[in-house]
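Chemist: Sequence:
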Amino acid sequence: MEAGEILLRKRLLDKRQLELSRKAQSDGTRLDQAAVQLGFISEEAALKALGEEVGLEYVDLGEVEIDLSLLKGFPQKFIHREMLFPISRNNGTLVVATNDPFNLYPLDELSVTTRSTVVPVLAGRAEIDKLIKTHLGVGSETIEGLLAQSDDSRVELLEDIETDGSELSEMAQEPSVVRLVNEILLEAIETRASDVHIESQASGLYVRYRIDGVLHPQPVPPEINRFRAAIISRLKIMSRLNIAERRLPQDGRIELRVAGREVDVRVSVIPMIHGEGLVLRLLDKGGMEFSLSSLGMEDDLYQIFLELIRLPHGIVLVTGPTGSGKSTTLYSSLLEIRSGSTKIITTEDPVEYQLEGISQIQVHPKIGLTFANSLRAILRHDPDIVLIGEVRDLETAENAIQASLTGHLVFSTLHTNDASGAYTRLVDMGVEPFLVSSTVEAVMAQRLVRTLCPRCKEAYHPAPDELPDDFPLQDLEEGATIYRAVGCRECWQVGYVGRVGLFELLVTTERIRQLAHDRASSWAIEEAAIAEGMRTLRLDGWRKVLSGRTTVEEVVRVTKGNTVEMTKQKR
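Residues 0 to 570 in numbering that gives the first Met the number 0 are what the sequence shown lists, from first letter to last.
A hint or two may mislead.
Under the rule of at most 27 Å between Cα atoms (straight-line distance), these lysine-lysine pairs were calculated in the BS3-like manner [unchecked claim]:
no. : residue 1 : residue 2
1   : K129      : K14
2   : K9        : K47
3   : K76       : K129
4   : K132      : K71
5   : K47       : K22
6   : K129      : K284
7   : K47       : K14
8   : K342      : K284
9   : K71       : K129
10  : K22       : K132
11  : K9        : K22
12  : K9        : K76
Quick caveat, the hints were computed from the structure, so don't treat them as lab data.
Sequences and hints are given; from them, build the entire structure.
Modeler: Rendered as structure tokens:
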């Protein structure tokens, strides 16, 4: 009896779902897998039902103890080609996890090869795949020489690439190297990585993925070091860089389609003492959603910010370090106020995401198209709203101020640690204080913290001495609950899934304008803003801890304690 009939008889699928699953089957896809992909049934429920029918036990690989010593003598072709993973051995009986309850031939072949009685158990495909990548490394199937498998073309280059015909470029085009690089990119995208770090060390290649702002080392097989030059060359060819140049830094770009989604990859290559190091910034165009309401702003701050981005003129700045979500906040703001009656033009370096209904300019400093020059051209193009990717110098700052004085609303970013530092930073650039005080309407500082996994987060009651001095203890005393990260299968044992923003909004009130005009220090401006009700990054973080969204450790990791607030707490 086929899988669909079994699931129908066990009432896990109805006739309509069975028919839709059959229509959704592609070559080589079992019906139960198609039903799982359509969301009609969970993989666990399907495998348990099929296992009962054919007499196989279902196991949760996250709960069983696996004897990793079995990997040493286990033929790896069975792991990669058939997805069989050894679990335990007892008196000549080898227990092996499989995802296919109907394919018995490889089990018989394995029994002959290992001269053991093989007992199969059923397990989830993702769980087996995770074990393979964890214990054998990303791309291990390529290293094993299993290149006879046809590439499923899940990674597709959107532009043709050219080679110079050299031996190194030909090596980089070998199917094994292409497949290995594709495997690294696929794994990074599937784990929601924002960056891939490929570093040349004395011991060999070191691969790390930045997931939710934190770097995670990735296991790779030691044999990958034989392919180091070819991997780096392949990525340089894909990003249209000079593979012969190994002494100077280079920047490039790769446009991919991965599993039907467009992904833009920014490539940075820097020569290190042990060879070139690469960082790939992954911009998943298909997986990105720009919504101001979903960034994590508290309701009161969100309402104020909505009013600010609808001002007729002035400058609104967003500050923070690289990777703190500034571009996401600005893009979300532009989409919030976009309409047929407003002309919005941006000048960026680089244009990270293409926004419908908004005119975007990519700056090219090498040919003279800088932020300042493009901004002058923009103002002759009759805009209502202007976004400048970053205020980097006096010329850009003066042009932004000129734009705001002539009736335009200007958005931009600035690299300062907090909101109050933006005023002094502009003055330090050479902008007259009276211009800063009269044009800057607000500054938003922000950071990103990881959000707790909802499945495994654990409530706890810390002792007062375990908390930072500025933590609002009175909220805990009034019954608030805080949580800590634990780790489970759903979050890959990290304890966190996704990120949320911390925000510090400093509105330029009359008091702040006067201080900026008088060249007051950033500390004086911050003290005045807090006295007028500004919530700092740290305090916004504590709010998110008390609401169960993140942890004390995360807030401490990305924010600095505020001396003004600490003084108040001690009083």
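Chemist: Now look at each hint and say whether the structure bears it out.
Modeler: Going down the list of hints, with the structure as the test:
Restraint check for K129 and K14: not satisfied, since their Cα atoms lie roughly 33 Å apart, outside the 27 Å limit. Under the criterion of a C-alpha separation no larger than 27 Å, the hint pairing K9 with K47 is consistent with the structure, at around 11 Å. Straight-line distance between C-alpha atoms of K76 and K129 comes to about 17 Å, which keeps the hinted pair within the 27 Å bound. For a cut-off of 27 Å, the pair hint linking K132 to K71 stands: about 16 Å separates their Cα positions.
Straight-line distance between C-alpha atoms of K47 and K22 comes to about 23 Å, which keeps the hinted pair within the 27 Å bound. In summary, the hint linking K129 to K284 is supported, as the alpha carbons are separated by about 26 Å, within the 27 Å threshold. Using a Cα cut-off of 27 Å, the hinted pair K47 and K14 holds, with the two alpha carbons roughly 20 Å apart. Between the alpha carbons of K342 and K284 the distance comes to roughly 23 Å, so the proposed pair stays at or under 27 Å and holds.
Between the alpha carbons of K71 and K129 the distance comes to roughly 18 Å, so the proposed pair stays at or under 27 Å and holds. For the given pair, K22 sits about 32 Å from K132 by alpha-carbon distance, which is inconsistent with the 27 Å threshold. At roughly 21 Å between alpha-carbon atoms, K9 and K22 fall within 27 Å of each other, so this suggested pair holds. Of the pairs offered as hints, the one joining K9 and K76 is violated, with about 35 Å between alpha carbons and a cut-off of 27 Å exceeded.
Hints 1, 10 and 12 from the list above are not met by this structure, while the remaining hints are.
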